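> Here is what each chain is made of, one letter per residue.
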Amino acid sequence: MTEALAVRTIGLTKRFGRQTAVDRLELAVPQGAVFGFLGPNGSGKTTTIRMLLGLVAPTEGQAVVLGEEMPERLGNVLPRVGALVEGPAFYPFLSGEANLRRFDTADLKSPAATQGARVARALERVGLSHAAHKKVHAYSLGMKQRLGLAAALLVPRELLVLDEPTNGLDPQGTREVRSLIRSLADDGTTVFVSSHLLAEVEQICTHAAVLRAGQLVAQGPLDELRGAAQHRIEVRTPDLGVAADVLRKFGLKPEPAGSGSIVAEADGAPPAEDIVAALVRAGARVRGFSAGAASLEERFVELTGEGFDVAE
Amino acid sequence: MLQNSLLPGVRLFASEVSVLFRRWRTWAMLAALAAVPVLIGLAVRFSPKGPPTGRGPAFLDQITHNGLFVGVVGLVVCTPLFLPLTVGVVAGDTIAGEASLGTLRYLLVAPAGRLRLLVIKYLASAVFCVSAALAVVLGGVLTGLALFPVGRATLLSGDTIGPGEAFGRLLLMGGFATVSLLGLAAIGLFASTMTTVPVGAMAATVVLAVVSQVLDALDQLDWLHPWLLSDHWLDLADLLRQPISWSSFGANALLQAAYVAFFGALAYGRFSTKDILA
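Line order of the protein sequences matches chains A and Y. Position 171 of the first sequence, counting from 1, maps to 171 under UniProt numbering, and the rest follow consecutively. Position 161 of the second sequence, counting from 1, maps to 161 under UniProt numbering, and the rest follow consecutively.
Because the hints were derived from the structure by calculation, they are not lab data. Some hints could be false.
Capping the alpha-carbon separation at 25 Å, the derived lysine to aspartate or glutamate pairs in DMTMM-like fashion look like this [stated by the list, open to error]: (1) 274/Y to 234/A; (2) 109/A to 231/Y; (3) 134/A to 158/A; (4) 274/Y to 23/A; (5) 274/Y to 187/A.
Covered stretches of chain A (in silico footprint by chain Y; criterion: 3 or more residues with CB under 8 Å from a CB of chain Y, positions within the stretch not fixed) [as the list claims (entries may be wrong)]: (6) 50-59; (7) 66-78; (8) 105-116; (9) 234-241; (10) 274-282.
Example chain Y residues on the side facing chain A (calculated, C-beta under 10 Å, incomplete) [as the list claims (entries may be wrong)]: (11) 18; (12) 19; (13) 103; (14) 203.
Since the model is a prediction, treat every value here as computed from it, not as a measurement. Don't be surprised by glycine CBs; every beta carbon is placed ideally from N, CA and C.
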């Protein structure tokens, strides 16, 4: 129907008893996007992902993944989807390689003849070739996370659903995962990545959606989302009084913001260079000046009101 | 076309069996089962009291005449508890074990297919049932060969048969014990779909096996006996008659098939719509 969307949900709802975990969700994930799925812990991200993957049946509404309805067309859809759901899980008494073989065998459409080569390639891609024959119970959390990513990459996928993919990784590993996601996206794979680490999403995503207590509060291209946040001007100067007078002349409402700086909302402000020129002319010693969107983190807190607290 | 859809299932079944036998737990249970006839043989051979005299487990007094009877006694001793215990562990672990590891979600997302996974899990449990009975038989045969003379065997009907045929009868009895466990394996599979705690499913399965035997021992409930899972468990001795009496084998197979169908359907009903949250 809508070919351009990799994932679309229509009124998707899940209730557990009297608690509504996901409430009339309307997601639209464009094909080829790196889509950040944001929300505080307990906001319904994982339940949504489980519904997209056919693990949990929706109470109401529809989920359309890669153009086909879930969970009805699960057998057709899932071989084209790689997933990391709520942390990696393996047979601890098997080696990393044997675990990947097991999951690849469970995929009834993956070609058996090339299994060995594909498993080796996936291990290499996540930098685990050296530990391929080690039993998984000897793996660190970060190694398990990488192995989970390798399992998602066993065959070329049209869609990757990654739930907190950098959990447990050190900064080096996090960077590697980011570049892995970028290279996958460059190949045309749609990546749906849930995270509560905003800085991470900000760095790799083209689109994002924000969930709060099961409801969608914002969705769209990242620039648009950030743009919807208030623009601010910040001036760092020892001459606070002078600077405040200048800003007021432009019709702005400056407020002190801690030691040696003032901020003002940028609605209706002139271009930044004009303000700086005026400040300098007025004799204010400008030590720093910034104008621009609030970070995604500020926007996120604005939307969810909760920061990283657990939503109830 | 049929081959296309069947072959991946066969490969997954092979993977399932290989995972089962790559766990040391599986081998520990098989070793424990094989140890039962070994212990029986050693006790009879080296007991200062002399050969047994008709008391204790059935056929115990036959052992000194023919070593193959160690296997028979082993099966008779293991059927009420040890075999159901190990089958309960394996069958109770099928789905719940994957759920507790978290691997269940990855198998389903692969996608393995819920019905297919359930069937494969059951078949792998059935493979374990065969292995468990064989472990007892093999332990018995090896112990018998090592400690006792093996010659012609006297059957319940008084006829005697040669050692080759006696070994065949013993294997048949192993087959009877295997069939007896198939219904229990289906109960275990169903219990396993009900929980994400494997120990719970294992315990429930074993408790049911014991309860069935307790009810089977109460004369007041004789109307219920033909329906009980364990009703024919100890009829395996019927295979030691000449000619072989197949009626109890048939009745047992029918009863077990009914249990497999009923609990298999319950397991599918439960598992096919279950929300996988683990």
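> All hints, please: hold or fail.
Evaluated hints:
1. As the CA atoms of residue 274/Y and residue 234/A are separated by approximately 54 Å, the hinted pair breaks the 25 Å bound.
2. Using a Cα cut-off of 25 Å, the hinted pair residue 109/A and residue 231/Y is violated, with the two alpha carbons roughly 44 Å apart.
3. The straight-line distance between the Cα atoms of residue 134/A and residue 158/A is roughly 30 Å, outside the 25 Å bound, and the hint therefore fails.
4. The hinted pair formed by residue 274/Y and residue 23/A meets the criterion: a straight-line CA distance of about 20 Å does not exceed 25 Å.
5. Taking the CA atoms of residue 274/Y and residue 187/A, the gap is about 36 Å. The hint is violated against a cut of 25 Å.
6. Residues of the segment 50-59 of chain A with a Cβ under 8 Å from some Cβ of chain Y number 6, which satisfies the need for three, so the listed coverage holds.
7. With a cut-off of 8 Å between beta carbons, the segment 66-78 of chain A has 3 residues touching chain Y; three or more are needed, and the interface restraint holds.
8. Residues of the segment 105-116 of chain A lying with their CB closer than 8 Å to a CB of chain Y number 6, which satisfies the three-residue condition for coverage.
9. Using a Cβ-Cβ cut-off of 8 Å, 0 residues of the segment 234-241 of chain A lie near chain Y, which falls short of the minimum of three, so the contact claim is violated.
10. Restraint check on the segment 274-282 of chain A versus chain Y: 0 residues with Cβ-Cβ distances below 8 Å, three needed, restraint violated.
11. About 9 Å separates the beta-carbon of residue 18/Y from the nearest beta-carbon of chain A, less than 10 Å, and the hint is met.
12. Among the interface hints, the one on residue 19/Y holds; its C-beta lies about 6 Å from the nearest C-beta in chain A, closer than the 10 Å criterion.
13. For residue 103/Y, the interface hint holds, since its Cβ comes within 10 Å of a Cβ in chain A; the closest pair sits about 5 Å apart.
14. A distance limit of 10 Å between C-beta atoms decides the matter here; for residue 203/Y the minimum to chain A is near 22 Å, and the interface restraint is violated.
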